[in-house]
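Those protein sequences? They're chains U and C, same order as listed. Residue numbers for the first sequence follow the working numbering, so the first one is 9 and each next one is one higher. Residue numbers for the second sequence follow the working numbering, so the first one is 7 and each next one is one higher.
Keep in mind that the hints are not guaranteed to be accurate.
What the hints assert, rightly or not - Restricting the straight-line Cα-Cα distance to at most 25 Å, the calculated cross-link-like pairs of lysine to any residue (SDA-like) are:
#1 C:K337 with C:Y320
#2 U:K38 with C:R276
#3 U:K83 with C:S137
#4 C:K307 with C:R238
#5 C:K120 with C:R310
#6 C:K24 with C:E171
#7 C:K24 with U:L70
#8 C:K178 with C:E195
#9 C:K417 with C:S445
#10 U:K83 with C:K307
#11 C:K78 with U:V101
#12 C:K307 with C:E171
#13 C:K94 with U:T76
#14 C:K136 with U:E77
#15 C:K85 with U:V78
#16 U:K13 with C:D190
#17 C:K94 with U:E82
#18 C:K136 with U:V101
#19 C:K337 with C:L186
#20 C:K94 with C:Y277
#21 C:K136 with U:K13
#22 C:K78 with U:D65
#23 C:K24 with U:V75
#24 U:K38 with U:V27
#25 C:K94 with U:I87
#26 C:K94 with U:A90
#27 C:K136 with U:I87
#28 C:K78 with C:L115
#29 U:K83 with C:A34
#30 C:K94 with U:K13
#31 C:K24 with U:V74
#32 C:K78 with U:V57
#33 C:K24 with U:T76
#34 C:K136 with U:T23
#35 U:K83 with C:Q343
#36 C:K85 with U:L43
Don't read these hints as lab results, they were simulated from the structure. If you're wondering where the values come from, they're calculated on a predicted model, not measured in any experiment.
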Amino acid sequence: MSLGKAEVEYISRLTQIEVREEAVEGVAQKLSNILDLFAQMEAADTQDVLPMAHPLDAVQRLRPDVVTEVDQHEKLQAIAPAAAEAHYLVPQVIE
Amino acid sequence: MSWEVVIGLEIHAQLTTKSKIFSGASTAYGAAPNSQACPIDLGMPGVLPVLNQAVIGKSIMLGLALDAEIGKRSVFDRKNYFYPDLPKGYQTTQFEFPIVGQGKLEIELEDGRKKVIGVTRAHLEEDAGKSVHGLVPGQTGVDLNRSGTPLLEIVSDPDMSSAKEAVAYAKKMHELVQYLGICDGNMQEGSFRVDSNVSVRRPGEPLGTRAELKNINSFRFIEKAIEFEIERQIELIESGGTVVQETRLYDAENDTTRSMRTKEDANDYRYFPCPDLLPVIIVDEDIEAIRATMPELPEAKRTRFVTEFGLSDYDAVVLTSSRAMAEFFEKVVALTQKKDIKLCANWVTSGFSAALNRDGLSVEVSPVSAEMLAGMIERILDNSISGKIAKQVFEAMWQGEGTADQVIESKGLKQITDTGAIEALVDEVLANNPEQVESYKAGQTKMLGYFVGQIMKVSGGQANPGQVNKMLVAKLK
Chain U
9 MSLGKAEVEY ISRLTQIEVR EEAVEGVAQK LSNILDLFAQ MEAADTQDVL PMAHPLDAVQ
69 RLRPDVVTEV DQHEKLQAIA PAAAEAHYLV PQVIE
Chain C
7 MSWEVVIGLE IHAQLTTKSK IFSGASTAYG AAPNSQACPI DLGMPGVLPV LNQAVIGKSI
67 MLGLALDAEI GKRSVFDRKN YFYPDLPKGY QTTQFEFPIV GQGKLEIELE DGRKKVIGVT
127 RAHLEEDAGK SVHGLVPGQT GVDLNRSGTP LLEIVSDPDM SSAKEAVAYA KKMHELVQYL
187 GICDGNMQEG SFRVDSNVSV RRPGEPLGTR AELKNINSFR FIEKAIEFEI ERQIELIESG
247 GTVVQETRLY DAENDTTRSM RTKEDANDYR YFPCPDLLPV IIVDEDIEAI RATMPELPEA
307 KRTRFVTEFG LSDYDAVVLT SSRAMAEFFE KVVALTQKKD IKLCANWVTS GFSAALNRDG
367 LSVEVSPVSA EMLAGMIERI LDNSISGKIA KQVFEAMWQG EGTADQVIES KGLKQITDTG
427 AIEALVDEVL ANNPEQVESY KAGQTKMLGY FVGQIMKVSG GQANPGQVNK MLVAKLK
């Protein structure tokens with residue numbers, strides 16, 4: 009299976025990962041190779057196999073419903089790119 | 007040609023936990039920005055979410071109430087999308103194996119008919135943060151206090167065929183989650199959010215393309231928004247257009263809906279099982295333990311109030327309008343040893359409810375407790391006060407002047423039951439009204455009511471009316 013230029017651009021937009029014009033062809037080739045591998049794997053019979061949710065054969069541990077965290081926003085915002093009035097700042101989002 | 011309307015609802019109920027679904031940060035509403043967002047909520051590298059056990063019990067409870075299949079092996083997945091209020095880049099939710107499977111909820115329509123609405127599933131997920139605009143020009147502020155707040159998303163089957171049915175279902179679910187105590191139901195604070203999927207089709211045709219109406223915070227607006235949307239879609243199709251799959255916002259001011267974003271990328275959330283969380287296994291013992299703690303549901307309560315207490319359907323509905331109200335009433339009944347259940351019902355549905363409404367209070371913060379109301383009803387039952395005086399006593403209790411006994415004592419409201427005292431009152435009134443006495447004796451027996459009225463007036467309403475009546479009849483012979 010091979011991916012074209014348009015598909016790479018679409019995936020680039022979805023993942024918010026920039027792919028430069030000159031790299032598109034190479035990325036398309038690499039992604040196509042990965043998909044070929046999937047195509048190969050599809051030959052395996054998975055009829056009665058439950059999809060694996062986790063590689064560990066263990067059960068989720070639960071914690072009691074207790075508040076254990078304290079306010080650390082000053083410390084956490086010190087490493088944020090931008091903050092003001094206790095809010096994290098991001099480029100303006102318009103809906 | 008006629009149109010068929012198809013509506014399905016997605017309800018996000020915020021679960022009443024103290025801490026978040028995957029972290030120990032508080033979920034309290036209204037805290038200072040970002041004061042309740044810990045490194046796990048922020049999606050810091052290297053942190054590990056640990057599931058809050060309370061959300062499991064609360065989900066099972068809803069599942070049992072909806073007569074649903076409980077997911078014995080429930081899996082958390084990542085739903086990937088980019089938005090500043092979601093710092094991790096994915097929402098942890100459940101996709102293929104939700105905690106609650108197919109169930110149902112019966113609703114009552116306006117004409118009294120009942121209809122069963124299917125519930126496709128209910129799954130656990132975390133809420134996102136909140137964007138704040140206008141803080142700094144050209145930038146958006148993000149408050150992540152809400153991120154990681156536990157939500158149960160309850161998805162209905164597309165079983166509703168009018169705005170009224172959709173609202174009836176939403177209200178029923180709203181009542182249910184509050185009765186179960188798993189959600190506070192506060193729509194203003196966003197604890198109970200209703201998204202409606204609306205489409206129209208010609209009878210017999212496949213489902214039409216749906217539009218989603220999001221985040222409407224009152225039942226009245228949900229109804230109006232759906233009604234507007236149905237009209238819009240029909241007009242659009244009839245004039246040759248096609249409905250596109252999109253999210254639309256309801257504008258209450260102009261009573262219209264407008265496009266927010268098209269959902270062309272609907273299948274691009276790239277769900278996959280969350281490697282940070284293991285499958286949750288629920289065994290029968292867990293389910294039975296929760297079943298044992300289930301409160302009585304509104305339907306069952308209503309039926310019991312009618313059959314066991316002999317109340318009217320109307321009273322039963324009013325008294326079960328909220329769990330707090332029903333529990334208040336049952337407490338009053340129990341404290342007065344079921345001596346006069348109808349009297350208790352009357353006081354709770356009229357005097358008590360009226361006072362709550364007048365002052366805009368809820369049962370939980372009422373100045374008159376069940377104990378106080380029961381104490382007053384006891385005084386009516388033992389003839390210490392009449393029903394009329396009781397209203398005065400109740401008002402005084404409401405104003406914080408103490409218990410019924412204290413009010414009766416301090417205001418001297420105790421009913422006069424002493425025969426000698428009543429006789430003196432009767433004699434006084436009869437002596438002052440010789441003409442009326444004459445006409446009574448001449449056959450005007452209606453005059454009796456006049457005398458009773460006069461005596462009650464002279465006694466300041468405190469004479470026992472039964473005794474007054476008896477004595478009058480005897481004296482006038």
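key: Violations among the numbered hints   = 4, 6, 9, 10, 11, 15, 16, 21, 28, 30, 35
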